[in-house]
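Novice: In order, the protein sequences belong to chains A and B. For the first sequence, position 211 (counting from the first letter as 1) is numbered 211 according to our numbering, and the numbering increases by one without interruption. Going from the second sequence to our numbering is simple: count from 1 and add 1000.
Some hints could be false.
[As the list claims (entries may be wrong)] Calculated cross-link-like contacts (lysine to aspartate or glutamate; reagent style EDC-like; alpha-carbon spacing at most 16 Å): (1) B:LYS1388 <-> A:GLU35; (2) B:LYS1389 <-> A:GLU35; (3) B:LYS1259 <-> A:ASP234.
[As the list claims (entries may be wrong)] So these bits of chain B aren't anywhere near chain A, every CB distance computed over 10 Å: (4) ARG1150; (5) ARG1253; (6) ASN1305; (7) LEU1311; (8) TYR1382; (9) PRO1385; (10) PRO1400; (11) ASP1479.
To be clear, the hints were calculated from the coordinates, so they are not data collected in a lab. Glycine included, each C-beta is placed from N, C-alpha and C at the ideal position.
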Amino acid sequence: MFRRNYAAMFGLFLLVLLVLVTLIGPLVYSVDPFEIVWAPLTPPGEEATAPLGTDYLGRDILAGLIHGGVATLAVGLAAALITVVIGLTVGALAGFYLGIVDDILMRVTEFFQVLPALMFAMVLVTLFSSSLVVVAIAIGLVSWPPTARLARAEFLRIRNLEYVSAARSVGAKNTRIIWQVILPNALPPLIVSATLTIGTAILFEAGLSFLGLSDPNTYSWGYMIGSGRDNILDAWWAVTLPGGMIFVTVLAVSLIGDGLNDAFNPKLRER
Amino acid sequence: MRKFKTLAMAAAVMASLVAASAVEAAEAVKGGTLVIGMTQKPRHLNPAVQSGTATAVPGTQVFATPLRFDENWQPQPYLAESWSVSDDGLSITLNLRKNAKFHDGKPVTSEDVAFSVQTVKDNHPFKSMFSPVEKVETPNANTAVIHFARAHPAALLAMSSALLPILPKHVYGDGQDPKSHPANNMPVGAGPFKIVEFKPGEHVILERNPDYFIEGRPYLDRIIIKHYKDSNSLALAVDKGEVDMFPFVTNTRDIGRLKKNANLEVTNQGYAAVGPVNWLAFNTKNEFLSDKRVRQAIAYAIDKNFIVKALHGGFSERASGPVVPGSPFYAPDVQKYDLDLDKANALLDEAGHAKNGDGTRFTLKVDYIPGPNEQQKAIAEYLKPQLKKIGIAVEVRAAPDFPTWAKRVSGHEFDMTMDIVFNWGDPVIGVHRTYLCDNIREGVIWSNTQSYCNEKVDGILAQAGVESDADKRAALYRDAQSIIVDEVPIAFINTLPYHTAYSNKIGNAPISIWGTMAPLDEVYKAK
């Protein structure tokens, strides 16, 4: 299954590598990413003090790549978590209770779905300062509708299956049926979707940063891209290197998500 | 023999002068369209009630002013063919041209001048500019006499560029508020060009005024001012030749790149009067920053040479006081606060702010104007690692847009902020406002938002504001500046590296003290 899926295993390998770099890297390479270490806009490979070059202030790009991962990954995870919590709750209630609950919740979902996601996130970040927490919440708030619809569809399908009727016939309460009977069976597609959401959220954070809306007091890959953007024509490395890190992370997460999807899909399961 | 040589030389000089002017006249081509690219977008086009470069560039084409200034700070006739200042300095008589007409065909009279002075006095954000005006007399249609309550040495300068546009009284005198007058979007003036189209955020299209009061001018048929979202895309458009002129280039990488283009000329002339200073302002009501020693320590910790040379690639210049170098009132001999971390640490120790366990003394927030990143954001971010060296933790507070920043700073809800403030030619107009005790006005941006108050400085500035002897005035400003620099309500960092990039087809590029914020009636474009 998952282990035989080479693409997914490669994704997992990349992700483990990234997490290791992010967690252990700062202990090995302890240069403060905010510190100015050399002349501004030194290209990579020209100076041993900053092997991957410096940004427009003269800050070490390598230090930024190593120290900036924590914030980026944390934002991705937190946003994905918020997405799943909101999406699952809304979808589960709508799909289980149907009727008026479904109508109201789905109209709300549609309302959020028709809002242009990036614009809405920008408004939120603009209103409530650009700290990392706000960015994570903003991304979570704009990306939950697809998850909600997916959860609702799963609940609609499962709620009429025989084992649910069986549970109901022995007197199980609604909450028990939702959380303990339907949810475990609805989880596989939701896990896949959540994994992919991590990737989207990281990209989203990079997009907000590109527009200059990232937290200037926390070093993240998105922040590096946002601050290097002005000099993109003169210093490709200040934007491309953190961009590459984000690319690798999103690729790894997507490969894992696809692998999980295949693994959960009974039709592709080899017996 | 000697005599002959002198004569011959004089003749040669004469000949060359004649030849030069002949070449110049022959070169001035009539017709053509000048495309100017700008990133600052105007809300409306009436400079009488609005300061700033966005309104000033089109505004000075549409409206004529009594005077204009050349590149040597000398007043030149414009709407006024001559003028005289009374011996006591308390009145100025303007003799207006008789052939000047507004774009709608009505003549420009002294009534319009009197009306314009009053409108600017009542509505322009630069209160000090015309506040000494008592009344304007109009003995006849072509003579206006402006009377001042006290001597006003900056008065002539305030009658040039975008500072005193002559408005048509028959349009603006209808009792409506000039700040929101419907004519502000399609104004009627007497300048070299008239408005044909204004699309806010996109472009302003101006067309030659055929009845302009200077014979044979303007040379250009049309000026299009195109507004760009950011300087990167504008710089690319200039590089490709889509835009003929890019004034107010601030980004030094753009300047460097445009300089390499053989089809472009790049100059830093034309900004002497604007006098833009990039600085770090302190809220002197902050518990830490109320101590002069703390402010001095921060000034000592900022490496101005690094900023000017490394961050700005040598294109900006160090600023050391309220008045920019290049102004007649610049003070060269003030304390320069060269980088000295030991001194900075010693000052903070002396002020009683000991370092705690992790080497931090206290935390300060720094704000910056969003937009001109290289001047503002970059230096705000630079302060974070740099002030860490003297034990001050800096938190960079980003503002999503200009109004948010302006609200924080004008509401005095800040610790320190990066800021850009213009000298506007004369200290009375652009410098006094930052330091006077009675200009601590909550809610007004670019007032004395530092809440700095020193009665001695107030006294000297008041005296300098009415002193008509230029040397005595300069001496007074030197005194005021040395006190201000010593007390550091503001850490002066650099002057903005404003440049104008223009196509080498453009002749008579605008290099007067006001640059593109002056009538472009002499500019031409070769075929």
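Novice: Each hint needs a verdict: does it hold in this structure or not?
Specialist: Hints and how they fare:
1. Distance check on the hinted pair: LYS1388 (chain B) and GLU35 (chain A) sit about 9 Å apart at the alpha-carbon level, within 16 Å; holds.
2. The suggested pairing of LYS1389 (chain B) with GLU35 (chain A) holds, with an alpha-carbon distance near 10 Å, which does not exceed 16 Å.
3. Proximity of LYS1259 (chain B) to ASP234 (chain A) is assessed by CA-CA distance (about 14 Å); at most 16 Å being required, the pair is judged to hold.
4. At roughly 46 Å from the closest C-beta of chain A, the C-beta of ARG1150 (chain B) stays outside 10 Å, upholding its exclusion from the interface.
5. Not every CB of chain A lies more than 10 Å from the CB of ARG1253 (chain B), the least distance being 5 Å, so the non-interface label is violated.
6. The claim that ASN1305 (chain B) lies off the interface holds: its Cβ sits roughly 13 Å from the closest Cβ of chain A, which is beyond the 10 Å cut-off.
7. A Cβ of chain A approaches the Cβ of LEU1311 (chain B) within 10 Å, the least distance being about 6 Å, so the stated non-interface status is violated.
8. A Cβ of chain A approaches the Cβ of TYR1382 (chain B) within 10 Å, the least distance being about 6 Å, so the stated non-interface status is violated.
9. At the 10 Å boundary, the C-beta of PRO1385 (chain B) falls inside the reach of chain A, the nearest C-beta of that chain being 5 Å off.
10. The claim that PRO1400 (chain B) lies off the interface is violated: its Cβ sits roughly 4 Å from the closest Cβ of chain A, which falls inside the 10 Å cut-off.
11. Every C-beta of chain A lies more than 10 Å from that of ASP1479 (chain B), the closest at about 37 Å, which supports listing it as non-interface.
Checked against the numbered hints listed earlier, the structure breaks hints 5, 7, 8, 9, 10; every other hint is satisfied.
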